[in-house]
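Let the sequences and hints guide you as you build the complete structure.
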Amino acid sequence: MPDSAPPRVLIVDDTPANRDVISRRVQREGYLAETAENGREALEKLRAEPFDLVLLDVQMPEMDGPQLLEVLRNDAELVHLPVIMISAVDDIDVIVRCLELGADDYLPKLFRPAILRARMSAALDRKRLRDAERRYAESLTHDLAVAREIQGAFLPESLPTAPGVQIEAALHPARHVSGDFYDAFMLAPSGTIVLVVGDVCDKGLGAALFMALFRSLIRASADPVEGGAIQMVGGRRSVVVRSLESATPAELLTRVAAFTNDYIARLHGRTNMFATVFLGALTPHTGQFDYVNAGHEPAIIVAPDGSTQELRPTGPALGLLPDATFWTEAGALEPGHSLVAFTDGLVEAESPTGEAFGAQRLRDALRRNNTSAATLVHGTVEAVHAFTGPTEAHDDITLLAATRTGG
Amino acid sequence: METTVEQRGNVSTVHIAGRVDSHTADTLQQVFSGEAEAGHHNVVADFREVDYTSSAGLRVLLGTLKDARSAGGDLRLAGLRPEVLNVLELAGFTNILKVFETVEDAVESFASVGA
Chain A
1 MPDSAPPRVL IVDDTPANRD VISRRVQREG YLAETAENGR EALEKLRAEP
51 FDLVLLDVQM PEMDGPQLLE VLRNDAELVH LPVIMISAVD DIDVIVRCLE
101 LGADDYLPKL FRPAILRARM SAALDRKRLR DAERRYAESL THDLAVAREI
151 QGAFLPESLP TAPGVQIEAA LHPARHVSGD FYDAFMLAPS GTIVLVVGDV
201 CDKGLGAALF MALFRSLIRA SADPVEGGAI QMVGGRRSVV VRSLESATPA
251 ELLTRVAAFT NDYIARLHGR TNMFATVFLG ALTPHTGQFD YVNAGHEPAI
301 IVAPDGSTQE LRPTGPALGL LPDATFWTEA GALEPGHSLV AFTDGLVEAE
351 SPTGEAFGAQ RLRDALRRNN TSAATLVHGT VEAVHAFTGP TEAHDDITLL
401 AATRTGG
Chain U
1 METTVEQRGN VSTVHIAGRV DSHTADTLQQ VFSGEAEAGH HNVVADFREV
51 DYTSSAGLRV LLGTLKDARS AGGDLRLAGL RPEVLNVLEL AGFTNILKVF
101 ETVEDAVESF ASVGA
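Those protein sequences? They're chains A and U, same order as listed.
Residue numbers for the first sequence follow my numbering, beginning at 1 and rising by one.
Residue numbers for the second sequence follow my numbering, beginning at 1 and rising by one.
Rather than coming from a laboratory, the hints here were simulated on the basis of the structure.
Take every hint as true, because none was put in to throw you off.
Just the calculated beta-carbon pair ranges, DEER-fashion: (1) U:Gly72 x A:Glu329: 31 to 39 Å; (2) A:Arg126 x U:Arg81: 49 to 57 Å; (3) U:Glu37 x A:Pro352: 41 to 49 Å; (4) U:Glu2 x A:Glu392: 18 to 26 Å; (5) A:Thr353 x U:Arg81: 16 to 24 Å; (6) A:Thr161 x U:Arg48: 45 to 53 Å; (7) U:Arg48 x A:Leu205: 28 to 36 Å; (8) U:Val5 x A:Glu392: 29 to 37 Å; (9) U:Glu2 x A:Glu49: 53 to 61 Å.
Ideal Cβ positions, reconstructed from N, Cα and C, are used throughout, including at glycine.
Encoded structure:
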């Protein structure tokens, strides 16, 4: 109910004289009084228009007080509507039953106006509080839904395609919003595909805000032309563009990691936020694969025979302290081999008995699903979900795979 | 997670037991902040009884380390279990934090530089 409008009270009693007396008393309190002759009529009115309080007689034809109460307490729309029972003094067993059924209070038939006033006022106060809490919860839920939708736009709309390479990714947030992220994009002149999987420390909205920042810093610094960061250098644009475009993948990755690290550590250092990030650069036609692992879970290269190789950290998490050093490991992704990068939510996912999914089950799942990037991602996520069962996820789960088909 | 604080000379040792995760990290932060507010900037975190730390716990360590160093002190860790040490190593924390095998070594390390 709007706080300014007078509360609406429905008086349900089969005796006309009782309805008149109670109505007058209710109106004297400044409330609007409506009446119904029995439970059935009351239910029709309650379902047709909003009320703030029901004063309910016990004994009535058609549908009596307890019957109506039971219907209300099983109705999602009316379950919280305050109900005060009004009964003859000898109805004490019925009153107890009504209180057990969820009545808020009761009054004897011969009541003093002051008592009616106090009971109605208390019931209406409780309803106001409950309505305010519900509106607050609804607005939070709405804000989170909006945040979730906006955050979705910080993940790539589509994954890059190139002859000889398949890329697939999935992100399953544990809550409405996530501190995990992934990205994959092709740099225009060279055709190099940049692959990113990151995990911002901690959880919830704070991590989600920083996810947006980390992803944007990485994308803008890795791809200054498309990412728009190049416009910051004004007149010398063409020279800078050429020097960036001629950078080797190793130079590129080191620069992206150092820039992102220093930006977070210097401009956001007081928040102590950081992210572990795996950054890879794959040149599709040669299979050249370079990476920087900034404090992240080792990514895994899966060979056609199911053997695996770990790509361990080559520098600290991004954002810990300024001027950290990152180096790039150079390698190759051979035909038939897949790169799989993921977040720790995957290996730490717990079964109903509290056991972690773990590195061994992950390697087994990768071997079983080692047919394409899509099966690696979705088959592994299915294996994790089968392991955790209906257990509520503790952490976000993100997985990205790039398979070199050699085609 | 449970914590107790022990003051020996100019070193505060925070004994931590249990899981440090997003549910308990705030409590741990308050304990470290309490030491900083009391002017205790030489801090040892005793991890012998910690069986798990999430990134939320690492974030608390990072903030405590930076605050302690900017006040002329330091945060040093002791007694890390292999699985917890692995988490710190992966994220690069063992390069920015001093880690000791025993609490005694960590406490004494402050004396040796006259801190």
